[in-house]
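Student: Given these sequences and hints, build the entire structure.
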Amino acid sequence: MFKAIAYAAAFGLTAAASAAYAQAPNDAQIAHIAYTAGVVDVAAGKQALAKSKDKAVRDFAQEMVRDHTAVNDQALALVKKLGVTPQDNPTSQGLAKGGADELKRLSTLSGAAFDKAYVANEVAYHKTVNGALATVLIPNAKNPELKSLLQTGLKLFKEHQMHAEHLAASLK
Amino acid sequence: MAHRSPLSWGLALVAGAALAAASVSAPALARAAKAPKPHIYPVTIEQMKFSSPPPEIHVGDTIEWINNDIFVHSATAKDKSFDVELQPKQHLWTTFHAVGTYAFYCRYHPGMTGTLVVKAPAR
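Just so you know, the sequences run in chain order A and B.
My numbering applies: residue 1 is where the first sequence begins, and numbers increase by one.
My numbering applies: residue 1 is where the second sequence begins, and numbers increase by one.
Hints are computed from structural coordinates only; laboratory data are not their basis.
Keep in mind it's a predicted model, so treat the numbers as computed, not measured.
It cannot be assumed that every hint is accurate.
Claimed, not checked - Label-pair restraints from in silico Cβ distances:
| hint | chain 1 | residue 1 | chain 2 | residue 2 | range |
| --- | --- | --- | --- | --- | --- |
| 1 | B | Ser51 | A | Leu76 | 27 to 35 Å |
| 2 | B | Tyr41 | A | Pro144 | 27 to 35 Å |
| 3 | B | Lys37 | A | Leu82 | 41 to 49 Å |
| 4 | B | Pro55 | A | Gln93 | 50 to 58 Å |
| 5 | A | Thr108 | B | Val99 | 49 to 57 Å |
| 6 | A | Ala56 | B | Ser51 | 24 to 32 Å |
| 7 | B | Ser51 | A | Lys142 | 24 to 32 Å |
| 8 | B | Pro55 | A | Gln151 | 28 to 36 Å |
| 9 | B | Lys89 | A | Leu49 | 20 to 28 Å |
As the list claims (entries may be wrong) - Lysine-lysine pairs mimicking DSS-like chemistry, simulated, CA-CA at most 30 Å apart:
| hint | chain 1 | residue 1 | chain 2 | residue 2 |
| --- | --- | --- | --- | --- |
| 10 | A | Lys55 | B | Lys78 |
| 11 | B | Lys78 | A | Lys46 |
| 12 | A | Lys155 | B | Lys49 |
| 13 | A | Lys55 | B | Lys49 |
| 14 | B | Lys80 | A | Lys53 |
| 15 | B | Lys89 | B | Lys37 |
| 16 | A | Lys127 | A | Lys55 |
| 17 | A | Lys80 | B | Lys89 |
| 18 | A | Lys172 | B | Lys80 |
As the list claims (entries may be wrong) - Okay, the calculated bits of chain B under chain A, using three or more residues with CB under 8 Å as the criterion:
| hint | segment |
| --- | --- |
| 19 | 61-74 |
| 20 | 106-119 |
Just so it is clear, CB atoms sit at the ideal spot from N, CA and C, and this is done for glycine as well.
Tutor: If you want it as structure tokens, here you go:
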């Protein structure tokens with residue numbers, strides 16, 4: 001669990017909520033961060049589907065892949081419509097690196113150990129991303145459609161966090 | 001469960017085709033021909049929530065499930081008597097033929113819940 005929390009914190013989103021963005025992120029950066037956060041969780045879900053045999057864990061992983069893909073598809077359609085090019089930034093890079101590191105760490109685990117580590121990380125990850133959405137990304141989004149999509153995403157991801165927490169409790 | 005499944009028909013049609021669907025589902029509605037006209041009540045899913053259904057509906061009435069979200073949801077009875085999967089922007093219908101209180105939720109997002117109360121046919 002400690003590792004999972006450390007991983008989520010290492011993403012830089014917690015930092016983004018406070019110091020890293022002395023200057024507020026612009027919409028192009030926000031879109032990039034939100035999209036990258038989705039990509040990281042889809043990759044984690046696909047890894048879980050490849051490795052886990054637990055039905056509840058697999059159902060959860062499928063939910064993550066399905067929902068985050070849907071939100072990212074909408075995000076892509078929106079930036080295209082708005083003519084915005086998502087802009088890479090240190091927070092996105094931190095997310096991508098953290099995601100890759102976690103995939104590597106989880107790849108060494110199997111069975112119940114994998115399930116617990118995956119779900120614990122999902123709890124920590126959603127908590128961190130939701131915090132960043134609520135305190136940094138949504139407040140700074142200027143375009144109303146982008147803001148609305150992020151708000152919808154936050155509602156969805158809060159549900160994911162609850163689901164992950166229940167699942168984590170059931171795996172103990 | 002002792003009574004019959006309340007799910008008599010559910011048609012996957014594009015938005016706006018509700019009335020057309022009702023008209024082609026004659027067998028389901030024929031039983032109610034002598035009773036007061038059944039109603040179709042919408043229950044909309046938006047922003048990860050079910051809208052509130054009417055306080056009560058009656059046997060023969062239909063719920064039109066409308067998914068206005070951008071992700072897949074379901075309207076699933078806790079007692080398994082109905083299970084409707086809704087793609088984004090899809091409408092589906094469930095007609096109730098048995099009195100009861102039906103707690104339902106979304107299979108994919110279990111925090112989304114609601115309750116339907118189905119009473120005897122209106123006279």
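Student: I'd like to know which numbered hints this structure contradicts. Please list them from smallest to largest.
Tutor: none
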